[in-house]
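From first to last, the protein sequence lines stand for chains A and B.
For the first sequence, my numbering gives the first residue as 6, with consecutive numbering after it.
For the second sequence, my numbering gives the first residue as 697, with consecutive numbering after it.
The set of hints was computed from the structure by calculation and includes no laboratory data.
Each statement offered as a hint is correct.
Covered stretches of chain A (in silico footprint by chain B; criterion: 3 or more residues with CB under 8 Å from a CB of chain B, positions within the stretch not fixed): (1) 22–29; (2) 139–145; (3) 203–214; (4) 221–229.
Treat the numbers as computed from the prediction; the structure is a model and nothing was measured.
Ideal Cβ placement from N, Cα and C applies to all residues, glycine included.
Next come the chains, spelled out residue by residue.
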Amino acid sequence: MSEILYIFYILPYIAFAIFIAGVIYRIINWAKSAVPLKVPTTAGQQPSFKFIRRTWVDKIDSPSNKFWAFVRMLFEVFLFRSLFRNTKYYVEKGGKNADTRWLWLFAMLFHYSLLIIVIRHLRFFTNPTPKFVSMIEYLDGLVGVAIVPPLLMTGVLALVALAFLWGRRIFLAKERSISLPSDHLILFFMAVILVSGLLLRYVVKVDLSYVKMFALSIITFHPPSPEVLNNLHWLFLIHFTFVCITIAYLPFSKVMHFAGVWFSPTRNMPNDNRMRRHVNPWDPNPEVPILARVGIVVDGQVFKSKKLDWNTYYEMYKDQLDEIAENNYVLKPEL
Amino acid sequence: MYHKQYVILGIIVFLIILATPYWVTAGNIKYEDIHKELAKPKGVNCIKDVKWMASNHMELLNEWREAAVRGGVRKYQTKNGVFNVSLTECWRCHNYEKFCKKCHSFMDVRPVCWDCHYNPGMKIPTVNYIK
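Here chain B stands alone, though its shape is the one from the complex (with noise of 0.2 Å):
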């Protein structure tokens, strides 16, 4: 083997590049079983169902933006009942701190919705307003 010295160098830098998700953390991964973490709902039925609503909630909210926002929609009928078309519908029975972000920032999603909206884990006293 020619160039020993660098070849090895290189194996060494193409194996700490592969362990790149070790080393940003400093070896602190932990795996967590998220469902088991968050807070149970407060409800027996949520808008959709249970799995739907888990992979597509964001669309639903999207869905509901528009309708409120453009065609000044309030209720939204579902086979689980008629519900209003409000952040605040959702924590009826969500947590926000221990549902929510919980498994948004497990997930590291961060929904825009907070760019205008207010939301209960704020200081602003916004969140009493409709209350």
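Excised from the complex, chain A in its bound form (with noise of 0.2 Å):
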């Protein structure tokens, strides 16, 4: 019996080699392709006459160097800038915005309390644990302490945000709509994780020896004895496994925004469009300027460039056209 419970024991070294590789892989995916335009998106007043005012609230938001648009992805990274300027454009009120950020605030919410509930398990994964780790801890805790165990803050609030970011794309109709199977997948696995981390500490006790030394056992490379394998309590495998499934699930999953976000050519580029040229690295020299030119050339096939006809279109996508026909549906050009 017990040597099935390796199973357990094996499972987060396969979830991580899967995280490790998936990301590389698609960060360099990503590096691949070409940003043929140059697009930042600003909000701001860009470098100009002495006399035309620029604060430093412009410089983040239309940066003209490659520090200032630094500035600005550790803006967008670490405060969320561009959810906050969410608003929601109402025909029914008269074309009139609404402040929609309250997503800023519970996406805030949750990225951050995340963040803690991590470091906060870093208690599991270190012997002797180090000291910032029971600070953080401590602080977390210092509102709830009149129960025990004391109530952490990150927890509470971690479920807050995650049943307001669930219940906007269940119950607003717009956001439904636009929601994928895999955007409600991994809100379902936080929501799994969540309340069977919840459960384990203020519901269900379980002995947490085994699941340290479990832990231990996983970060230091030393298996485990059967001992602590049986008596690992059966939420905490549950916990433990969606855990290791999550972390599989990443490289494939909307998650990646963490690294995606740094490949964003809207956030990522400074607005220096009159002071510099940027090159298409699609052709860096070209002899015709490309809307003169007959046609462009993407991966070793000429597309006409000037002006899309119907069969260059077909062309560029046979594939999904010809099983759109297939469906009886009928496609024309528009003229």
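Reconstruct the complex from the two isolated chains, following the hints.
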């Protein structure tokens, strides 16, 4: 019986192998795609005449060099600046933009709670535990000291934020219509992990000494004894398995935005259109200007670029268009 | 691959973040079979069965606290006998330093008991008050 339980010991290694290989593969895949145009979306005044005022907010929102572009990226990554601009257009309210920055609030709450939760979990993976981990857990539990074990704020906040972020995709009609199964899947994984984790802390008490020994055995590559595995609680195993599944699923999921955000051309390009010429990496030294040419070469194939006619379009998307036609949809060029 | 230097830097940062448990401890993570390290308790029976106690002792102490402070209950009957509702009852069998504290510091658990109560590890001589 206990031999079967070694699956749980192997599981995190498989999950992390998939995770690391998958993330590096996707990063390199993104890095290989060219950015043909300069598309820095800005919301600030770009450098101009001396008398046009330009504050530091403009420098962040409309960076003119790599340094300020990097600062903008940091604001995006750590403060979700583009979500902070979130507004929603309502036709029924006379075309007014409504403030929907609660999305920003709950996104911030969720991400930072999750970060602190992950840091707190270091107490299982380190022996002896570093001081700052105990410190963070102590500060996290300050509000709930009257309860044993102390109620940790981040656990509750993450659950509340997750409920809002999922509720948004379920109860708001527009958001529901654009939500894909994969959106719900990752929220489901997070919900299972969070709920099982909270249950393990507050409701179902388990013998944590075995949990920590199991965690240490994973991180020190030291196979655990059958005694440790036999004493792991079933709810802990559910929690653990879902964490492993989620980690393995991350490279295929939208959670890859943690790497993808660094590749967003609208965020990572300095707005120096007028100072520097952006060279299309597809064809760095065109003999004939692109708009005057008969066609452009993409992946070894020549496509007409000046005006996309039906034949070129058909050639480019032959497979998909044939498939659509097979399903009795009539396809015709728009004239 | 475009912007190779930034991409490679990004991948390195990603791997460093993943390796957090190793560098925050400077590679000093010790696998420890804590059950072998703990001092053997003196008595035969714990208040309830050992497995239950290992995972639920804090619940029992919570229950005791409320029973003693609010109800004035000082005795607790289980199938293993009658016990005094007090922390010193635990220390009749368990060594505080080598049992309770050792496992708590292994788990990085910080019981809030000692915010008000004394414990045998403290310098303050309240420990001798009951003895």
